[in-house]
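Sequences and hints are given; from them, build the entire structure.
There are 2 protein chains.
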Amino acid sequence: IKLLGFLAWLCFSTLGATLGAKVLVVPVDGSHWLSMKLLVKELIVRGHDVVLLEPETTALGKGLVGCRNEIYPVSYTKEELGNVLKQLQENVFIKLPKITDAYVNVQRLIDYTSIHVKGCENLLYNQEVMGRLRLEGFDVVLTDPFLPCGSILAETLSVPVVYFLRGLPCGLDEIGTQCPSPPSYVPRFYSGHSDTMTFPQRDISYKDLVRRGAIWLLRYDFAFLFPKPMMPNMVLIGGINCAKPSPLSAHLEEFVDGSGDDGFIVFTLGSMVDKMPADMTIAFLDAFKKIPQRVVWRHTGILPEDVPENVKIMKWLPQNDLLAHPKAKLFLTHGGSHGIYEGICHGVPMVMMPLFGDQPDNVDYMVARGVAVVIDVFDVTTEKVLEAINKVVNDTSYKEKMVNLMSVHQDHAVKPLDLAVFWTEFVVRHQGADHLRPAAHNLNWIQYHSLDTLCLLAAIVMTIAFLGLKCCCFCGRKCCVRVAKKKKVL
Amino acid sequence: IKLLGFLAWLCFSTLGATLGAKVLVVPVDGSHWLSMKLLVKELIVRGHDVVLLEPETTALGKGLVGCRNEIYPVSYTKEELGNVLKQLQENVFIKLPKITDAYVNVQRLIDYTSIHVKGCENLLYNQEVMGRLRLEGFDVVLTDPFLPCGSILAETLSVPVVYFLRGLPCGLDEIGTQCPSPPSYVPRFYSGHSDTMTFPQRDISYKDLVRRGAIWLLRYDFAFLFPKPMMPNMVLIGGINCAKPSPLSAHLEEFVDGSGDDGFIVFTLGSMVDKMPADMTIAFLDAFKKIPQRVVWRHTGILPEDVPENVKIMKWLPQNDLLAHPKAKLFLTHGGSHGIYEGICHGVPMVMMPLFGDQPDNVDYMVARGVAVVIDVFDVTTEKVLEAINKVVNDTSYKEKMVNLMSVHQDHAVKPLDLAVFWTEFVVRHQGADHLRPAAHNLNWIQYHSLDTLCLLAAIVMTIAFLGLKCCCFCGRKCCVRVAKKKKVL
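Chains as they are written, first to last, in the working numbering: chain A, 125 to 614; chain B, 125 to 614.
Please keep in mind that the hints were generated in silico from the structure rather than gathered at the bench. Among the hints, a few may not be true.
Same chains, same label: a pair holds when it works inside one copy or across any pair of copies.
No more than 27 Å apart at the CA atoms, straight line, and that leaves these computed lysine-lysine pairs for BS3-like [unchecked claim]:
no. : residue 1 : residue 2
1   : K165      : K539
2   : K146      : K525
3   : K186      : K610
4   : K165      : K451
5   : K202      : K594
6   : K202      : K508
7   : K186      : K451
8   : K439      : K161
9   : K594      : K525
Pasting the structure below:
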């Protein structure tokens, strides 16, 4: 045993050393993969044996050198998946009556989750793939619990799981970590979407499943989101995507550098949005004609012929590199969390036009911090765009507050990426993180709120009060009887 | 502004560099100083200008090279302070009836706090010293909020404050950080002592004062204490005192190394306890005669003549160095938090005899983890001591569980000392840590629990229900009348 202790000593005094652990990565497609990819890359660099598990319809593993790919066949086509995704993006620019909007969105989310449920079934019932995965003997599963397949797989393989996420709808992340979250000052994440719970019966079991997460790597940061209670197994890695900027291409560098003291604006609505309505495009272009700044705009829809000279249209733009440029004056964005972190990292104030998902929430936070102004996507006019841009550019408080946010956001004892790697390896070293699991997981609702204790106390107090009252009554009656007797005697 | 941003960039990309900040340290005497001293030393090493403020009756600054001392005169003598401290230590070995015990303890705590209140007044009304402190222009105050003088001083000087502590009585630390703490699974710290609140009227203002702490450096660690909700400005630095062991003196090394495979026991009841009753000393010695282990015992009281050969009595012993020795088999301790962390750091299971303060709580935690056995200080017999020692030595589960605790406790992304330095410097860099302050501080009790919202909702529901009922009644009556009329007509 002494030797055991000594070995443990040796082992843990060389922390951070390569362990060569077996890591199973179960990713979620789309923007969710953007920052998880960074962690996966770093795990590979540090010598871990990483297996990326994905359906044949995606190609997330492409370009990931040193990573093994395990691809499973699914019963839907790439086109079907594409259609479902396209549906989610459609109509973000069109204002529908609230009820129609809710109905349409729920229907689309059902379509989206259904196709993934199908894919997960295809995986779990594929005995060949599952057999291979079982034989691997993984040390840890790294997954985004936004879709439950990774959690189910970890449970099936009995491997500790590390979650990597921005948040879960319906407070599932708070339930999963047993984190208190007083609604009086903790804004409800996705609260506008609580009606999108399409499978309440499945949700209940997912609740129990998601509680088993050993470590929750949260893309959360108090420079962006508001301070709130945390649980010991919640690790904040917000800003993990703020990579060191690469140099711009020569023609882009020439364009933005030529903007002089007025600087330039970075304009993108994210990869999920394809086509902006023509009249909205014109409203923006008309506004851009009237400002001294240059504009780099990621735009993939139809364009009028008279695009002004100070606007450069691109099918894709290096967002992080552009924001890092010293002449970047303003970030015109839809308010996705990745873009927001990049804006904060480089201290660029924002004009925001939220479209869907967590974007309206994100935008609210940034407006509350005084670093952004919002444009309503259903009410875009040249005047409104102009007003928003001029406000943020001319009122220096936006820039100053953004620089303050940047300074606290950048000030880490450990960089988010290193922290994410550390905790993933921690779970490998200790086969989980049981010492961080609160006893609250073992309590039901009544026990958690101490209602059983309170009821017992109330019962005791009431019994004593009742007995006391009875005693008083009894004594009182005795006295009365005696007085009456005395009176009689007299 | 661009320049400002760029400078901020430059500044925060050289994190951890020496800042040369002005740090005012307001320490608390006794064991509280043991670990804070480590942080103060490290701040000096990193080039900060540290001023240690203390009353003339203590000499904490002695031996701290590179630190300026600001000593203020007080209206009590060193002897008076000594007496008050001695009183606190007295009678820990004598069992008094509960009520007498509580009364005596409250009286002693009043004496203890009174003398410190006097000292604090002596400081705050000393215009010369206060004038000098004001002129210094400190960047940060580092203090232990166990006594409120440091907090009051920080408030007076309008300097952000970093707290360094193990915990505060009456849940003051939870109030100060606005940290939720469900009583159903978070054990109440010091709960046995909630009757020691001697100055409730002062406490109320202290509550508000203590909330202003920018960062709370907590000697808390989930290998030792149970996982519970945390707030973003609570930084866990438990185990900060686990220094690298120094080599033992030649004669001590010879003694413990000669213990062979049986190993040796480290026995100390801490620096607060001076004299053990003679019969208790004999009970321990008789037990030690019957075990194969050697014992190194810190003992300052009266000794019988026949101390067995396997026992080495010392007036002071290098606890951390001894526990780090590979032949250390068992730690016989009173359960002070410093000793516990050292035991965990070196993976040595314990036999514990709690005396006062937080020790009974600490011991409960260790027993619950299966790494310690407890002895009742009021019921010490040779048999009980023997039984406890043999249980921990022979049942290998104690050692195994302790090695597990050790492995998670040692596995830090950042070492506790570096973390404490980082956050102290963070407060200097950002003039506080406002972005970590939850909005809960601005809410009253009713708002925090959303009772106002709930009341409004209840009122609306009840109004609707009432109106609905009235409508039904009205319609019902109309119908009845009609039916009655019809009947009449018929």
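Against the structure, the hints:
1. Taking the shortest Cα distances, K165 and K539 sit within 27 Å of each other both inside one copy (15 Å) and across copies (26 Å).
2. For the identical chains of this complex, K146 and K525 are inter-copy neighbours only, at 26 Å across copies versus 44 Å inside a copy, given an alpha-carbon limit of 27 Å.
3. For the identical chains of this complex, K186 and K610 are neighbours neither inside a copy (105 Å) nor across copies (84 Å), given an alpha-carbon limit of 27 Å.
4. Taking identical chains as interchangeable, the C-alpha atoms of K165 and K451 are never at most 27 Å apart, the minima being 31 Å within one chain and 44 Å between chains.
5. Neither within a single protomer nor between protomers do K202 and K594 lie at most 27 Å apart by alpha-carbon distance, with minima of 78 Å and 60 Å respectively.
6. For the identical chains of this complex, K202 and K508 are neighbours neither inside a copy (40 Å) nor across copies (73 Å), given an alpha-carbon limit of 27 Å.
7. For a Cα distance limit of 27 Å, the shortest separation of K186 from K451 qualifies neither inside one copy, at 34 Å, nor across copies, at 54 Å.
8. Proximity of K439 to K161 under the C-alpha cut-off of 27 Å is restricted to the intra-copy arrangement: shortest distance 23 Å within a copy versus 59 Å between copies.
9. In the homo-oligomer, the alpha carbons of K594 and K525 never lie at most 27 Å apart, since the shortest distance is 68 Å inside one protomer and 55 Å across protomers.
Figure legend: structure checked against the earlier numbered hints; hints not met, in rising order: 3, 4, 5, 6, 7, 9.
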